[in-house]
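With chain E's structure known, arrange chains H, A and S on it following the hints.
Chain by chain, the residues:
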Amino acid sequence: MEKKLTSPTVVSTRRRFLTTGAGTAFGAGLLASVNEAKAQQSGTIPIGQMASLTGPLAVDGIEHKNGLEMACEEINAAGGILGKMLEPTTLDSKNQTAEEVSAAARLLIDRYASHAIINGYNVGANQAEYDPIADAGIIYIHYNTSIGHHEAFQSDPERYTGIFMADPAEYYYGVGLPVMLASLRDQGLWKPDNNKIALVTGSLPYSTVISNAIRETAPQYGFEVSFEEIVPVPTTEWGAVLNKVRAEQPAVIANTHFFPADLAQFQIQFAENPTNSLVYMQYGPLLKAFSEIAGEAARGVMSSSVIGILPDEIGNAFRDAYWARFGETAEADPGASTYSEMYHYAISAALAGGTGEPGDYEQNRKIADNLRRFSFRAPFGTLRYAKEFNAALPYPTISPDASLAMPHLLYQIKDPAAAVPKKLIFPKPYNEVAFETPPWFT
Amino acid sequence: MTHSPQHLLEVRGLTKAYGAMKATNDLSFHVDRGEVLGIGGPNGAGKTTLFDLLSGVTPPTAGRILFEGADITGLGASAICHLGISRTFQLNAVFNSQTVADNLKTCAYFGSEKRLVPGLSYDRRSEIRAAEVLDLTGLTDYADVMAGALPVLQLKLLMIGCAIVSHPKLLLLDEPVGGLNPAEIETCAAVFRQLRDFHGTTIVVIEHVMSFMTAFADRIMILHHGAKLHEGAAGSLADNPEVVDVFLGVSGAADSRKGAQAEEVGNATS
Amino acid sequence: MELLTGILTSTIALGAIYAASSVSLALLWGSISMLNLAHGALIVIGAYGSVAVVTGLGLPWWTGLLGGMIAGAAGGLLLYVSQVRWIFGKANFDLRIIILTMAFSTIVVDLINNLIGAKILRQPFQVEGRFVLGALSIGHQTLLVVCCSALMVLLLQLVVHKTNLGRLIRAVSQDITAARLNGVPVQAVIFQVMVLAGIISGASGVLLTSSTTVYPGAGFDPLLKALIVCVLGGLGSIPGALAASFALAGLETTVQYTLGVKWGFPVSLLVVVLVLVYRPTGLFGRQELERN
Amino acid sequence: MRSMKSRDLLILLLFVGVLSLLPALGLSRYVLGQITLFILWAAVVSQWNLVFGVAGILSIGHMALFAVGGYATALMGLYFGMSLWWTLPVAALAGLLMSLVMAFATFRLRGAYVVVVTLAIAMTVYQLLVTDVACFRQTQSVCYSFSGGARGLSRFGDFGFRELLGYSSAPLGNFYLSLIMLALSILVAIMVVYSPYGQAFKAMRDNEVCAASRGIEIRKYQAIVFAVSGVFTGLSGGVYAGVIGTFGPQVLELPTLLFLLSMMVVGGRGTIWGPVVGTIVLALIDEGFRDLAAWRNTAYAAVLSIILLTLPEGLMGGFASLRKWALSPRKEG
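Protein chains in written order, with UniProt numbering: chain E, 1 to 442; chain H, 1 to 270; chain A, 1 to 292; chain S, 1 to 333.
FYI, nobody ran anything at the bench for these hints, they're computed from the structure. Please note that a few of the clues may not be correct.
Derived SDA-like pairs: lysine to any residue, alpha-carbon spacing no greater than 20 Å straight-line [unchecked claim]:
no., chain 1, residue 1, chain 2, residue 2
1, S, K324, H, M146
2, E, K244, A, I7
3, S, K324, H, V145
Chain A is nowhere near these chain S residues, computed Cβ spacing over 10 Å in every case [what the hints assert, rightly or not]:
no., residue
4, M4
5, D8
6, L12
7, S20
8, A24
9, L25
10, L37
11, Y79
12, A223
13, V281
14, I285
15, D286
If you want the ones that stay clear, here's a sample from chain H, every Cβ over 12 Å from chain S, calculated [stated by the list, open to error]:
no., residue
16, I128
17, D197
18, A215
We put the beta carbon where it would ideally sit given N, CA and C, even for glycine.
Isolated chain E (complex conformation):
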């Protein structure tokens, strides 16, 4: 896969630089020659990925890498894309800052000549990687879960036509929560003492956007955000927040700070002296780590996801295959996303007559059109890109048709000690079990 630098022209270039004695020139020259060697076509299709292989977000980054590799292996075993084999390369986007992510993107384009970038999420990238990728014209699919994608795409749909977000923006989580709460209330499953929502917001854009959306949407469904507290990331000592929340006696506590470990501490400390409030937490409780740390206290906590594997034939089959490949401690959900993105791309590219290298705008445009035209049934629902945003939309919050969107899934932790502690309780037709009043209610 990696070519050694043995061609005589390269060596003589290096010597020439050495004799000039200027360190920079030498270094840059070396890098340049490396790029030439790497970018040579080798009859395979290079596929790139930027994922956190180190740093605090590596837990998910490793699953993103696994999902991509699993898809490539399967596709290659089935004959590749029109006979050409896929060759995935994952670069470390470390802490997912704008510089790290855009540097990795440029490297994937220039050095690996990637025909497509199939990503998980990079939270801090801030769309900084869009421009280098748009300049190269290649396909970029990610699930950054950011409303920023919509704005960036709409600012120049022509230029960003090959850039897709494979899940609904975080904003819809906030919009969806009051919808789901209202549904529980209206079905008579839950009888709230009041209409108060206590909102705890982590100081990350993801959390902030969701909290803002909850605050805006709540009144439409008869709720009111009566208390709000912003916490730094990370937060482990929740005493101050919980004391203030308890004084409110709210019907719902929504915590959008999404680190599983911090949320587990929140739940442990809440369970020590609980109020009659539903506890909804963003993302963290979906991971097994949350239930492992919080233990019994986790029972009854709710969380939601738009990229959760559905408990149906396709979803279960995928989870089993994933665990067979990477062991049962692996989290299948993040892997499912890059896996599905890759399949969707491969099919669209095959139908377009092949992949497009950087600079091949025409071919990539065909693939982008196919991605928008054909939907793909993924383990987490239907992967379909809305034309006006180049992004997936949620069901039922936005799209009333489950076959055109990704279901926004509400989970409740049923058995913290089980292999899969969370169970789907909303929406139809995916729900497996019914909502239960949390054990701490009196």
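Positioned in the frame of chain E, the structure of chains H, A and S alone reads:
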């Protein structure tokens, strides 16, 4: 208190306390123009603290310092330097990462007057003064040597040079010849004599080398526990039994009488 | 009243944790003038040591603390062997050690990431239950952490003031050249100080993560807090670090309860900066007599 | 001294000349982008070195000056739609003001206290930024805070190279702008170091009490060195924001601070060329290890440790002793 502008420096009731310990205790004395005052005393007598107070390195707890009749108590070190009081330090206190010439230029430029907005290069006068001092101290051959790499004698000379290049009216020398051999002491002494005789600089000197002190100073003051133990003409030391007792010892007294080279009491930091 | 007890219990819990994590930093600064940015790495090593002993070997939960101490000692030893012994007393030690210890922690975090995995683990050094007395309600875990921290600080004080090693440490911290001239085996003392600091950091790692979680980056935040605490207390002063721990914890908690959680850390940082503007050597710093 | 100054100016001329020819090698956008980034880091580190290396004030929170500069540019671009060129003076001013805050906070502090307090200031700015989530402006469906919070700011405009040179050559514009910034930064460093100001700074570093007693007003010159460094660090922050196209609180995170600090210490603090050499070397190491993926940080940290363990004065100090060693036998023979 009478106003006495004839004294260049007048110190009244100067006290510096560190907690309960008084490093300088209600000390009063004066120095006249053109005079050389020697200060002696055992380690910990408060000699260096006195210099720290006079040069503005530390503020006094009580008392007043008058220079040319003006109250300079509590002024900062740089302001006092600009008024014309310049001091040396016991330990190696030069700017190690600058050359000898640059050391002198820096001291000349910043020491001789308050620079509101310094220029981007040294003025002519500072360069002339630096050259003069190079000549006076015999450091011309070392002009481009880094100060940190100087031999002991040249280092001492540079320290003295830095103190005098700003043309101070009052020079405070803190153990200027400690650790030097007799020949080297003579080299330094020659510089001091030239300062006193040709430049009219007033000098206060702390020294343990009694032979040097008695030969050079006009008057001598002995400190003990931060207070004045003795003050008088250079030859008068051995006549005060208290001084002999706490400070000189018998052999020291003999030495001071003879004017020969004394055993160094010690140049450790007090 | 509820507010007051809330603030009080939070302060005690937080202060104990701050104290536990900052004394070893104070020890290293006070004895060998080393600003140890690998402190966070030692904390993490200790936390994983406890997990290895309890979750890995299946020993009872309370052995976790011992596991953390042993792992921390190994970490301190490694730090000594790989870095400190080569440059101690050499040019720019104070500055170089800052970046070297930073490099050391990068390597530690990477090793954990790559060999153990980035997964978040539960600290097994835990007890259930609550202690209730009227309006006062404290978790047994909090009490355990407070007691262990107090015990640890007490033991450290005993070591420093009552043992032969302590005497040598004090000799080295007062004047290294003099100590060396008087026949103190300086390198051996530094070695022991490093191991001692490792043990304390390791143990504090176990205590810290028992109220949070174990993951590779778990030491970063405590490092920052410990630095602030040590500076506020006066670098190198163990009693100062203790006082500052509780002062800072009290301030932070009060701000969290009154102004809002997000202001807790920035406000206490600002107060520390302001305190130092007026007291340049911290609350308990040695006022050194500058002599030239 | 004058000859040293001319020598350094000559080296600067050659250095900038060589760098300005780099794009002629037909570098890929990636390489050019990375070189641009490191040129800007070198500019920052050169200015940081004035405070940290030349004046010996161990401020490791210097990125706070960089951050306010970058934010000044990004905010002006975003809220007033100003051309980023016009925001640069504001960035410089912001850097200046922040530097005076730093100078005031560290006036009476020494050594490790300076290290921790400057770090604390940088962390305070960081914390205030990441917890800034109050709704300030609304676009379609999303609410943004004034400073952009942890997300940072983006889409605040650029220096116009894209319209001027077209999509494909825009990186060239950014490259040359950054190069000018670096040249300016080094030029300032040279002018300062060889002027009475530089001598006063070094005097303060070498012996503060003695410097005061030689008529150097310590606080005034501390403030001056912070101010000079602040102006150009703030300016670099502004240029950086425009060149990278996004600016967030990540520049204040400890790993970033220490990465830049290590460039200075590895190169050799207090020297003109140390920061530049350190940046080049660490940039090459960092890029060279990119293929090691998960082990990249370890490899980088290991190499950094070896350099620091063997060269107390950094690479420039190493060069100096090497030259001394190479020259000395010839003199004898």
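* Asked: Just checking, S:D286 versus chain A, shortest CB gap more than 10 Å?
  -> holds (12 Å)
* Asked: Closest CB-CB distance from H:D197 to chain S, is it above 12 Å?
  -> holds (25 Å)
* To do: Take a quick look at S:Y79 and tell me if its Cβ sits farther than 10 Å from every Cβ on chain A, holds or violated.
  => Consistent with the label, S:Y79 stays out of reach of chain A, its closest Cβ about 23 Å off (over 10 Å).
* To do: Please confirm whether S:A223 is truly not at the interface, meaning its C-beta sits more than 10 Å away from all C-beta atoms of chain A.
  => About 14 Å separates S:A223 from the closest Cβ of chain A, which puts it past 10 Å; holds.
* **S:D8 and chain A, when compared Cβ to Cβ, separated by more than 10 Å** => holds (23 Å)
* In terms of Cβ atoms, is chain A entirely out of 10 Å range of S:V281? -> Nearest chain A Cβ is 14 Å from S:V281, so the label holds.
* Asked: Between S:K324 and H:M146, is the straight-line Cα distance small enough, at 20 Å or below?
  -> Holds - the C-alpha atoms of H:M146 and S:K324 are around 15 Å apart, at most 20 Å.
* Asked: Should the label of H:I128 as a non-interface residue stand, given a Cβ cut-off of 12 Å to chain S?
  -> H:I128 clear of chain S: closest Cβ-Cβ about 15 Å, beyond 12 Å.
* **Cβ separation check - S:A24 to all of chain A, threshold 10 Å** => Check passes; 36 Å lies beyond 10 Å.
* Consistency of the no-contact label for S:S20, given chain A and a CB cut of 10 Å -> holds (32 Å)
* **No chain A beta carbon within 10 Å of S:L12's** => Consistent with the label, S:L12 stays out of reach of chain A, its closest Cβ about 26 Å off (over 10 Å).
* Asked: Hey, does S:L25 actually stay past 10 Å from chain A on C-beta?
  -> holds (33 Å)
Going down the numbered hints, you'll see the structure goes against none, and every one checks out.
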